[in-house]
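Trainee: Using the sequences plus the hints, can you model the full thing?
Converting from the sequence shown to my numbering requires adding 376 to each position, the first position being numbered 1.
Errors might be hidden in some of the hints.
[Stated by the list, open to error] Below, computed lysine-lysine pairings styled on DSBU-like, alpha-carbon distance capped at 35 Å:
1. K514 <-> K528
2. K483 <-> K383
3. K559 <-> K528
4. K471 <-> K509
[As the list claims (entries may be wrong)] Listed next, with one range per pair, are the computed distances between beta-carbon atoms:
5. F572 <-> G423: 28 to 34 Å
6. E442 <-> P532: 23 to 29 Å
7. N460 <-> Q561: 34 to 40 Å
8. S520 <-> E442: 29 to 35 Å
9. S554 <-> R408: 36 to 42 Å
10. R408 <-> R446: 40 to 46 Å
11. F589 <-> N425: 38 to 44 Å
12. A587 <-> E547: 19 to 25 Å
13. N524 <-> G423: 30 to 36 Å
14. S554 <-> E586: 19 to 25 Å
15. N449 <-> S554: 29 to 35 Å
I should point out that these hints are in silico values taken from the structure, not numbers from a laboratory. Using N, Cα and C, we set each Cβ at its ideal position, and we do this for glycine too.
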Amino acid sequence: MRMRRKKHLEERIDDCSSVNLGWLVDYAAEARGETQQCTLDTMKIFGNNNPVHLEVGCGKGGFVVEAAKRNPNINYIAVEMARNVIVSAMEQAIKAELPNLKFLMGKAEYLEKFFPENSVERIYLNFSCPYPKETYKKHRLTHSGFLNIYKKILVPGGEIHQKTDNMKLFEFSIESFSHCGFKLQNVSLDLHNSSFEGNIVTEYEKRFSEAGFPIYRLEAVNS
Numbered sequence: 377m378r379m380r381r382k383k384h385l386e387e388r389i390d391d392c393s394s395v396n397l398g399w400l401v402d403y404a405a406e407a408r409g410e411t412q413q414c415t416l417d418t419m420k421i422f423g424n425n426n427p428v429h430l431e432v433g434c435g436k437g438g439f440v441v442e443a444a445k446r447n448p449n450i451n452y453i454a455v456e457m458a459r460n461v462i463v464s465a466m467e468q469a470i471k472a473e474l475p476n477l478k479f480l481m482g483k484a485e486y487l488e489k490f491f492p493e494n495s496v497e498r499i500y501l502n503f504s505c506p507y508p509k510e511t512y513k514k515h516r517l518t519h520s521g522f523l524n525i526y527k528k529i530l531v532p533g534g535e536i537h538q539k540t541d542n543m544k545l546f547e548f549s550i551e552s553f554s555h556c557g558f559k560l561q562n563v564s565l566d567l568h569n570s571s572f573e574g575n576i577v578t579e580y581e582k583r584f585s586e587a588g589f590p591i592y593r594l595e596a597v598n599s
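Mentor: Below, the structure written as structure tokens:
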């Protein structure tokens, strides 16, 4: 079911300019065939050289806002393509007054246009859409097409942390990570019944776990 457009959406997005880095890509310019490149200067954005963590598909921001609260010495950038959704995340971040959290609107395939090589220490993929049909597998955020982008922007030894409730997506991801040269560690087939500490429970995670679904988690190291 498609989400109804929020009232005063444009005004609300404008009011979030303090945390909004803008669009990953100008789609009108792209349609005209114009080449776009806008490398982010995180030193200028955050005023420090702290490590950069990136969440791809942040939803309403529950995870990244809590992560930024817990880790003030890490700079977080959260990406979300749905304007209706990211506005809630940005408003939540402004309310929490987090100087180490910013947002980008757009699609993950444009990340390498904005992040320099070897600039991100960790990427989070929390409950990404599984795109269950085989014909849509290229849209999965752990498809090799995306993993090759992540490899470019991750530092050597940088990590991807994935959580999902979808077993088939998890199996697909393990295979993709392995084929793309990532080393897997801390793989869990039932996160909430494991010894893992420090987990930040997302909105979807809470819903799925309470419904009795196991939560799958892994860490993939860029080698």
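Trainee: Compare the structure with the hints numbered earlier in the document and write down the numbers of the violated ones, lowest to highest.
Mentor: 4, 14
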